[in-house]
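Here the structure of chain A is known, so what remains is to put chain B in place on it, guided by the hints.
Chains as they are written, first to last, in the UniProt record's numbering: chain A, 1 to 328; chain B, 1 to 328.
Simulated from the structure, these hints should not be mistaken for laboratory data.
Incorrect hints may appear among the rest.
Since the list can't tell identical chains apart, any single copy or any two copies may satisfy a pair.
[Unchecked claim] List of simulated lysine-lysine pairs, DSSO-like, C-alpha gap at most 30 Å:
1. K328 - K230
2. K49 - K311
3. K67 - K230
4. K269 - K287
5. K67 - K86
6. K237 - K51
7. K311 - K328
8. K51 - K179
9. K311 - K86
10. K51 - K67
11. K51 - K311
12. K230 - K289
13. K311 - K230
14. K11 - K287
15. K86 - K179
16. K86 - K230
17. K287 - K230
18. K86 - K51
19. K67 - K179
2 protein chains.
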Amino acid sequence: MQNDKHSANIKDVAALAQVSTATVSRFLNGNLNRMSDATAERVRVAIDKLKYVPNSAARQMTTKSSKLIALIVANTDDYFSTELFKGVSSILESNGYIGTMLDSDSDLQREKNLLAAVNSHTFDGLILQPFSTISTIENIMRRSAPIVIVDRETPQSPWPQVVTNNFDAAREATAYFVKQGFSHFIVLTSDLSAATNRRERYRGILAAATNVDVLEVSEASYNHRDIHEKLIQLLTKTNERTVIFALKERWILEFVPNLVLQGYLDNVKATATGFADTAMSRRLEPKMKLISQNPFLLGASAAEVMVQALKDGGEQNDDVIVVPAKFK
Amino acid sequence: MQNDKHSANIKDVAALAQVSTATVSRFLNGNLNRMSDATAERVRVAIDKLKYVPNSAARQMTTKSSKLIALIVANTDDYFSTELFKGVSSILESNGYIGTMLDSDSDLQREKNLLAAVNSHTFDGLILQPFSTISTIENIMRRSAPIVIVDRETPQSPWPQVVTNNFDAAREATAYFVKQGFSHFIVLTSDLSAATNRRERYRGILAAATNVDVLEVSEASYNHRDIHEKLIQLLTKTNERTVIFALKERWILEFVPNLVLQGYLDNVKATATGFADTAMSRRLEPKMKLISQNPFLLGASAAEVMVQALKDGGEQNDDVIVVPAKFK
Numbered sequence: 001m002q003n004d005k006h007s008a009n010i011k012d013v014a015a016l017a018q019v020s021t022a023t024v025s026r027f028l029n030g031n032l033n034r035m036s037d038a039t040a041e042r043v044r045v046a047i048d049k050l051k052y053v054p055n056s057a058a059r060q061m062t063t064k065s066s067k068l069i070a071l072i073v074a075n076t077d078d079y080f081s082t083e084l085f086k087g088v089s090s091i092l093e094s095n096g097y098i099g100t101m102l103d104s105d106s107d108l109q110r111e112k113n114l115l116a117a118v119n120s121h122t123f124d125g126l127i128l129q130p131f132s133t134i135s136t137i138e139n140i141m142r143r144s145a146p147i148v149i150v151d152r153e154t155p156q157s158p159w160p161q162v163v164t165n166n167f168d169a170a171r172e173a174t175a176y177f178v179k180q181g182f183s184h185f186i187v188l189t190s191d192l193s194a195a196t197n198r199r200e201r202y203r204g205i206l207a208a209a210t211n212v213d214v215l216e217v218s219e220a221s222y223n224h225r226d227i228h229e230k231l232i233q234l235l236t237k238t239n240e241r242t243v244i245f246a247l248k249e250r251w252i253l254e255f256v257p258n259l260v261l262q263g264y265l266d267n268v269k270a271t272a273t274g275f276a277d278t279a280m281s282r283r284l285e286p287k288m289k290l291i292s293q294n295p296f297l298l299g300a301s302a303a304e305v306m307v308q309a310l311k312d313g314g315e316q317n318d319d320v321i322v323v324p325a326k327f328k
Numbered sequence: 001m002q003n004d005k006h007s008a009n010i011k012d013v014a015a016l017a018q019v020s021t022a023t024v025s026r027f028l029n030g031n032l033n034r035m036s037d038a039t040a041e042r043v044r045v046a047i048d049k050l051k052y053v054p055n056s057a058a059r060q061m062t063t064k065s066s067k068l069i070a071l072i073v074a075n076t077d078d079y080f081s082t083e084l085f086k087g088v089s090s091i092l093e094s095n096g097y098i099g100t101m102l103d104s105d106s107d108l109q110r111e112k113n114l115l116a117a118v119n120s121h122t123f124d125g126l127i128l129q130p131f132s133t134i135s136t137i138e139n140i141m142r143r144s145a146p147i148v149i150v151d152r153e154t155p156q157s158p159w160p161q162v163v164t165n166n167f168d169a170a171r172e173a174t175a176y177f178v179k180q181g182f183s184h185f186i187v188l189t190s191d192l193s194a195a196t197n198r199r200e201r202y203r204g205i206l207a208a209a210t211n212v213d214v215l216e217v218s219e220a221s222y223n224h225r226d227i228h229e230k231l232i233q234l235l236t237k238t239n240e241r242t243v244i245f246a247l248k249e250r251w252i253l254e255f256v257p258n259l260v261l262q263g264y265l266d267n268v269k270a271t272a273t274g275f276a277d278t279a280m281s282r283r284l285e286p287k288m289k290l291i292s293q294n295p296f297l298l299g300a301s302a303a304e305v306m307v308q309a310l311k312d313g314g315e316q317n318d319d320v321i322v323v324p325a326k327f328k
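For reference, chain A alone in the conformation it holds in the complex (with noise of 0.2 Å):
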């Protein structure tokens, strides 16, 4: 610890401002509210006159602790992310630690950057919604904060994970849909190698039925208009009963919309479901059964998982923890 020499420390403005240097370190933390405005005033003008910088990366080396968490999402164009990272920050935030989003974007070059990014700053944790396989991940991330994986099953992990029944979920809504008498579905989901939960949620399908088409879309860029008219025609193709299952939300919030309307979902010759995140598809269509998952919860369940491990030292287990989806 050196430059103790003559630049003003916190008990120089504690003092000048008569007050405590706990006092002086709420005021610096922003807790304002159990502070009256004049204490408030007094701190601020002893630090601006004192010419006072609180070193936050000098504070870092000496606790070792940001207080920062880093959730790696894949898209935050899925409201599965926003809510998980909302469950994320509701507990981190009741524990005294902040939550951040990064975007990876679907993109495993971008995700390798952020993790690198996320490994060289002073996160206390991380919280990762992975495409990477786990020995890149351990390869990139050098420093011993703790790692909870969320939403993708990834075996051989060492890092305790937070997931959802993808499998039996899927297979469970499939196998209903057969008993009511449709027998070829028409799975509507991104690129499927890149994911695992995705490849878990078709495995699951076909366990139940047989007459599967896959339509894959891509989260980059897809045409909506292509999209659309391909449904169609795997739609049409058939006499048989026929459901599209959209391996996630967004892809009920952006097709199903105008297949309704133009009155191709008309639950008897064909229908649709798929993993929702929200109440938004099942306002679209009342009358869709759907697969509800619960990213508020995973993320809340993740951040449990990640503040137990910062109140061990960072020690962590292998377990998994499985939210299941509902179907309803």
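Frame of chain A, contents of chain B only:
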């Protein structure tokens, strides 16, 4: 600079791995794309053997730069926020910075806490969609990091602002509908008093119409059915032709589909319009005319202003940059 004692430094790692220090540095920063797997593995082994820890906090004390920019948004559940973030991230990324998003969740106290967290950490800059007043922000942000205000016109801001032409766009759209024979307007909005952009939009509507009802929806908690029924009451209370004017896209997505399905919005007796951030609203009912703002471009512009300020060593002006919304 102390600790050049006996702990390994980057040169030791480079020597052991038989690569340049630049290669080690690239490895540490995760730039693995121009590096063979064998080289990366040698560096990894050398780092492990020497127990070399790149001390980012120490590095930050030297460079005073974390390359992280904080974006505080009002509510990540709005596509506005996520598109804004994507615009911010894209420009930051191409300039060697990383964008991280924090969510004030439309809560003033939470925004203050986030400002305090940004202030006391090593972010290089802050882009803010603010609820707080200028003086509150100034009181909390004690550091000299650049600030850019986005979306919310903030009079007397000492920092540059990137905003939409809220007043003009709302007035122009209202005048269009008045000309078409619509005379009754229902403004569907979050708490009007909380944000300047909402008030500007409301003022724009009042500048072109006289029979204006306001229906405020609480972002934190609202009953979908209640709002739906209040909308129907307001729609049917008069024989005048009515426009539901949503001040943000989320309220279009939430309430317009049901009203269309139930026949309330026939584009003759009644129609809907509003500020939209994505193509989604337009697809709900292709006949709707909407005010398309471009949150991606707003974010990209704000990030460009930020990058310029960082290049200029933190020098900032109070320019107001307007990214116009388009009524079509």
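Hints, one by one, checked against the model:
| no. | hint | in the structure |
| --- | --- | --- |
| 1 | K328 - K230 | both (28 Å within a copy, 28 Å between copies) |
| 2 | K49 - K311 | between (39 Å within a copy, 29 Å between copies) |
| 3 | K67 - K230 | neither (48 Å within a copy, 44 Å between copies) |
| 4 | K269 - K287 | both (14 Å within a copy, 27 Å between copies) |
| 5 | K67 - K86 | both (17 Å within a copy, 25 Å between copies) |
| 6 | K237 - K51 | neither (75 Å within a copy, 62 Å between copies) |
| 7 | K311 - K328 | neither (38 Å within a copy, 54 Å between copies) |
| 8 | K51 - K179 | neither (74 Å within a copy, 60 Å between copies) |
| 9 | K311 - K86 | within (22 Å within a copy, 33 Å between copies) |
| 10 | K51 - K67 | both (25 Å within a copy, 25 Å between copies) |
| 11 | K51 - K311 | between (35 Å within a copy, 24 Å between copies) |
| 12 | K230 - K289 | both (23 Å within a copy, 27 Å between copies) |
| 13 | K311 - K230 | neither (52 Å within a copy, 48 Å between copies) |
| 14 | K11 - K287 | neither (65 Å within a copy, 66 Å between copies) |
| 15 | K86 - K179 | neither (37 Å within a copy, 43 Å between copies) |
| 16 | K86 - K230 | between (35 Å within a copy, 29 Å between copies) |
| 17 | K287 - K230 | both (24 Å within a copy, 23 Å between copies) |
| 18 | K86 - K51 | neither (37 Å within a copy, 37 Å between copies) |
| 19 | K67 - K179 | neither (51 Å within a copy, 56 Å between copies) |
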